[in-house]
Amino acid sequence: MGIETSVANKKVKEVCELAKDKNPTLNSNLNSKTNTNSKGKKSRRRRHKKMVVVSPVQKLFNTCNEVFDSCSAGIVPSPDNIQKLKAVLDNFKPADVDLSPEMPHFQASEPGRAPVIRYLHLHECDKFSMGIFCLPPSGVIPLHNHPGMTVFSKLLFGTMHIKSYDWVADVSASTSVAVSPSTPEQPDVRLAKVKVNSNFTAPCNTSILFPTDGGNMHCFTAVTACAVLDVLGPPYSDPDGRHCQYYFDFPFANRSGTMMEYQFLKGEEEGYAWLQEREKPEDLTVIGELYGGPAIVEK
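If you're matching positions, the sequence shown starts at 1 in full-length UniProt numbering and goes up one per residue.
Think of the hints as simulated: they come from the structure by calculation, not from any bench. Source: prediction; values computed, not measured. Any given hint might turn out to be false.
Unchecked claim - In silico PhoX-like pairs for lysine-lysine, Cα to Cα no more than 25 Å straight-line: (1) K195 to K299; (2) K86 to K127; (3) K195 to K280; (4) K299 to K86; (5) K84 to K299; (6) K299 to K59; (7) K195 to K163; (8) K86 to K163; (9) K84 to K195; (10) K93 to K163.
Turn these sequences into a full structure, and let the hints guide you.
In structure tokens, the structure reads:
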């Protein structure tokens, strides 16, 4: 069969060569088709090379690199850059980082035990950090601050209660203010204004806080199992003085003594509270877990 096929192919080739010699137009058309086909294949190859798929988490990393490139502590990105990063996070979904509520990270804790919070580290450099907090039902990230930082938080799934505060700038800290009958002397209590005090259910827009505005001190409480993607620029850094400080919050009305100096509140006392620094809560347990989603290429 191999020999017969070879002979037949040879005869077909001879007939084609003879036809091209007798008909130059046919020869030209054949060459034109060959060139056209060749160009079409090259064009398709070029288009194929350009169709590089960038994962959402890679796009997030690339955008953070751009947005925080010229920023530092206390320096807020430009409005355009803030909107650019917010737009990326607003479209983020749990599947983009291979997360689902059925994973062990989100299982309810045993009765009598404080819920354990898991943290998935995505990236950290001197400009920004990216990570995901995984909270089981009733999990709490206590009230804490973000010194000199711009923070983007995207709730990926679940329902979370967020309470946040900003300092009242024209009221200094008091060194001797009674905020609770059981603790007559509470040092370093400072007035703060409530920024947010609501439940949020995914899907919802990204929340943004700034160094001195937007709710720089906040607390997360998981109503259901939930996951929140955090982007901090710049990240916490003890050597640079950006350490995480925790707080107690007390209702404004608990303060003893005269209220004359706070007449500017004009009956809005419920929108204010006293914050007092505290040590890291003993029942707060955050465990680092390996991130198992799409890889991030650090260029």
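How the hints compare with the structure:
For the given pair, K195 sits about 38 Å from K299 by alpha-carbon distance, which is inconsistent with the 25 Å threshold. Restraint check: the Cα-Cα separation between K86 and K127 comes to about 17 Å, which is no more than 25 Å; the hinted pair holds. In summary, the hint linking K195 to K280 is supported, as the alpha carbons are separated by about 23 Å, within the 25 Å threshold. Pair hint K299 plus K86 holds up; C-alpha atoms about 22 Å apart against a cutoff of 25 Å.
Of the pairs offered as hints, the one joining K84 and K299 holds, with about 20 Å between alpha carbons and a cut-off of 25 Å not exceeded. The straight-line distance between the Cα atoms of K299 and K59 is roughly 12 Å, inside the 25 Å bound, and the hint therefore holds. Restraint check for K195 and K163: satisfied, since their Cα atoms lie roughly 7 Å apart, inside the 25 Å limit. Of the pairs offered as hints, the one joining K86 and K163 holds, with about 20 Å between alpha carbons and a cut-off of 25 Å not exceeded.
For the proposed pair K84 and K195, the alpha carbon gap of about 24 Å is at most 25 Å, so the pair holds. Distance hint between K93 and K163 is fulfilled; the C-alpha atoms sit about 23 Å from each other, no more than 25 Å.
This entry does not satisfy hint 1, going by the numbered hints stated previously; all others are met.
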